[in-house]
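Chemist: Residue strings, one per chain:
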Amino acid sequence: MSAPLLKIEGLHAAYGAIEALRGVDVEINEGEIVTLIGANGAGKSTLLMSMCGKPRPTAGRITFEGRDITGLATHQIMRLGIAQSPEGRRIFPRMTVMENLKMGAVVTDPAFFDEDLDRAFRMFPRLKERQGQRGGTLSGGEQQMLAIARALMSRPRLLLLDEPSLGLAPIIVRQIFQVIREINAEQGMTVFLVEQNAFHALKLAHRAYVLAGGRVQMSGTSAELLGNEEVRAAYLEGGH
Amino acid sequence: MDTAYLIQQLINGLTLGAVYALVAIGYTMVYGIIGMINFAHGEVYMVGAFLSLIGIIVMGLIGVTWVPLALLIVLILAMAITALYGWAIERIAYRPLRGSFRLAPLISAIGVSIFLQNYVQLAQGARPKPIAPVIRGGFELLTSEGGFAVTLSYLQIFIVVLTIALMIGFTYLITQTPLGRAQRACEQDRTMASLIGVDVDRTIAMTFVMGAALAAVAGMMVTLYYGVIDFYIGFLAGVKAFTAAVLGGIGSLPGAVLGGLLIGLIEALWSAYFSVEYKDVAVFAILVLVLIFRPSGLLGRPEIEKV
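Taken in sequence, the protein lines are chains A and B.
The numbers in the UniProt record's numbering rise by one with no breaks, and the one at position 143 of the first sequence is 143.
The numbers in the UniProt record's numbering rise by one with no breaks, and the one at position 125 of the second sequence is 125.
Mixed in with the good hints, there may be bad ones.
[Claimed, not checked] Only part of the chain A face toward chain B is listed, based on derived beta-carbon distances under 7 Å:
{"id": "1", "residue": "ARG79"}
{"id": "2", "residue": "ARG119"}
{"id": "3", "residue": "PHE121"}
[What the hints assert, rightly or not] Simulated DEER-style distance windows between Cβ atoms:
{"id": "4", "chain 1": "B", "residue 1": "ASP201", "chain 2": "A", "residue 2": "SER2", "range": "53 to 61 Å"}
{"id": "5", "chain 1": "B", "residue 1": "LYS279", "chain 2": "A", "residue 2": "GLU19", "range": "58 to 66 Å"}
{"id": "6", "chain 1": "A", "residue 1": "GLU19", "chain 2": "B", "residue 2": "ASP201", "range": "47 to 55 Å"}
{"id": "7", "chain 1": "A", "residue 1": "ARG181", "chain 2": "B", "residue 2": "ILE168", "range": "33 to 41 Å"}
[What the hints assert, rightly or not] Heads up, incomplete: computed chain A residues facing chain B, CB under 8 Å, no partners named:
{"id": "8", "residue": "LYS7"}
{"id": "9", "residue": "CYS52"}
{"id": "10", "residue": "LYS54"}
{"id": "11", "residue": "ARG56"}
{"id": "12", "residue": "MET98"}
{"id": "13", "residue": "LYS102"}
{"id": "14", "residue": "MET103"}
{"id": "15", "residue": "ASP109"}
{"id": "16", "residue": "SER154"}
{"id": "17", "residue": "PHE199"}
The hints are simulated quantities; they were obtained by calculation from the structure and are not laboratory data.
None of the values given here were measured: they were computed from a predicted structure.
Glycine residues also receive a C-beta, built at the ideal position from the N, C-alpha and C atoms.
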């Protein structure tokens, strides 16, 4: 098997004195959907953010396409072909939908813009209807669509998604998960998905990691984890 | 107190207001992007005034006598050099302190401000520097029955036209270009801006540079308009332009322009009808009233956003 697209080895990260990650190892191969599940406060979002240099890891190594990106500034990492739809979506509230999408394409050759915009609007027709509207006035579901579309505008090789289902109606969640499945299947997009909704995430992903207390507690194919008693008890029971 | 006199004061006030507006834009843009006041901005304007004065004298010495060309060269040089000052202020006083407690960069900026004042005082002397009028003449618009002639000087036309042109250019830059979008993105969510690949440090530095270049234009206008400058003019002009920015709604570009024009008008009208000595008091009293009854300024509307 070829080298993984992204490799995280022994990653530590902290917010001030609080150590949120204590030696995390993760590998993501090209073309995969990998999900990271875990309880609140397990360090999932911290892992996603420290992959982007915010906060800078305190120890460990991250390699992307064989290149060590551990010490790089955030904007430099993003320019290498990683994009993130972050926790809380972080739409630019006083910019229109169109301007948000243009911001997503900041690092891309302008020659691709029309084509990429067209693809984003086909993926989320709702955004086309709302293109002149300010980001801050969109509904939660529309903001999530915009956050994913904005991330895709940079033509990433690796797409990081942080809790895209959070706070959304089930019908919107299904639609968003369907889009993730499609971009993976049709464009071969590699996706690293952080989710609390473990059942949906495991159904969608090829492989999964379980994060607890800042460490990887378990990993395997999604089918393995779905069948695992511990995972079922901790993350799947209770109405997910 | 006839109409002609009033019209004359309105013209004078708008001219002065245009100068304040240009300086106020620098305050409001920097505030918008880093949420802090650049306390050295008034000094940047003063440096711009001195560079213009030196430039105009040098143009005379090397024999560039066609006024539009000479002014254009001086303007471009003053803007470029002042922009370097703006860049240096950001690098020295703000960037190293980013992420530390909020007061720290303000204090370091006041330090830069004191440094620049003293530096210019040492280099250029403490006495006011006069300069012969460069743009002379004007129109006589009308004469009242009392014999008062309203004049609109070519210099006033030059100041107002240049200000309007710069406003249009700047509005276009902020609303339509990638740099302007990046600036607004940093203003709204700096972390997210870096997550889509925007170089936040560079964008903030560019904002200081742009504000400084505009302050240089204002400095040149004031040199031409009053014909005399000294190392201390940055302080009061800075405070007034800051007042203009707050009056219009800090962070808002149209607000800075409106605030600048209002301050110019208040100052001119108060001087004309009440007392010259208390014109600054009038300006700051208006600021106090606005802050009491409309704390976010005239155009700085706090927006309701969904989270």
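Chemist: All hints, please: hold or fail.
Modeler: Going through the hints against the structure:
Using the Cβ-Cβ criterion of 7 Å, the hint placing ARG79/A at the interface with chain B is satisfied: the shortest such distance is roughly 5 Å. For the restraint placing ARG119/A at the interface with chain B, the shortest Cβ-Cβ distance is roughly 17 Å, beyond the 7 Å limit, so the hint is violated. Below 7 Å, beta-carbon pairs count as interface contacts, and PHE121/A has none with chain B, the closest being about 19 Å; its hint is therefore violated. A hinted range of 53 to 61 Å is violated for the C-beta pair ASP201/B and SER2/A, which are about 36 Å apart.
Range check, LYS279/B to GLU19/A: about 60 Å between beta-carbon atoms, so the 58 to 66 Å window is met. Hint check: GLU19/A to ASP201/B, Cβ distance near 27 Å, so the stated range 47 to 55 Å is violated. At roughly 48 Å, the beta carbons of ARG181/A and ILE168/B sit outside the given window of 33 to 41 Å. At a threshold of 8 Å, the smallest CB-CB gap from LYS7/A to chain B is about 21 Å, leaving the interface hint violated.
The closest approach between the C-beta of CYS52/A and any C-beta of chain B is roughly 6 Å, which is under the 8 Å cut-off, so the hint is satisfied. With 8 Å as the threshold, the beta carbon of LYS54/A comes within range of chain B, its nearest partner Cβ sitting at about 6 Å, so the hint holds. Here the hint on ARG56/A is broken, as its CB sits about 12 Å from the closest CB of chain B, past 8 Å. Interface hint status for MET98/A: violated, as the beta-carbon distance to the closest one in chain B is roughly 11 Å, over 8 Å.
Residue-level restraint check for LYS102/A holds (minimum Cβ-Cβ distance to chain B is 6 Å; threshold 8 Å). For the restraint placing MET103/A at the interface with chain B, the shortest Cβ-Cβ distance is roughly 5 Å, inside the 8 Å limit, so the hint holds. Among the interface hints, the one on ASP109/A is violated; its C-beta lies about 13 Å from the nearest C-beta in chain B, farther than the 8 Å criterion. Hint on SER154/A holds. Least Cβ distance to chain B is approximately 6 Å, under the 8 Å limit.
For PHE199/A, the interface hint is violated, the least distance from its beta-carbon to any beta-carbon of chain B being 27 Å, above 8 Å.
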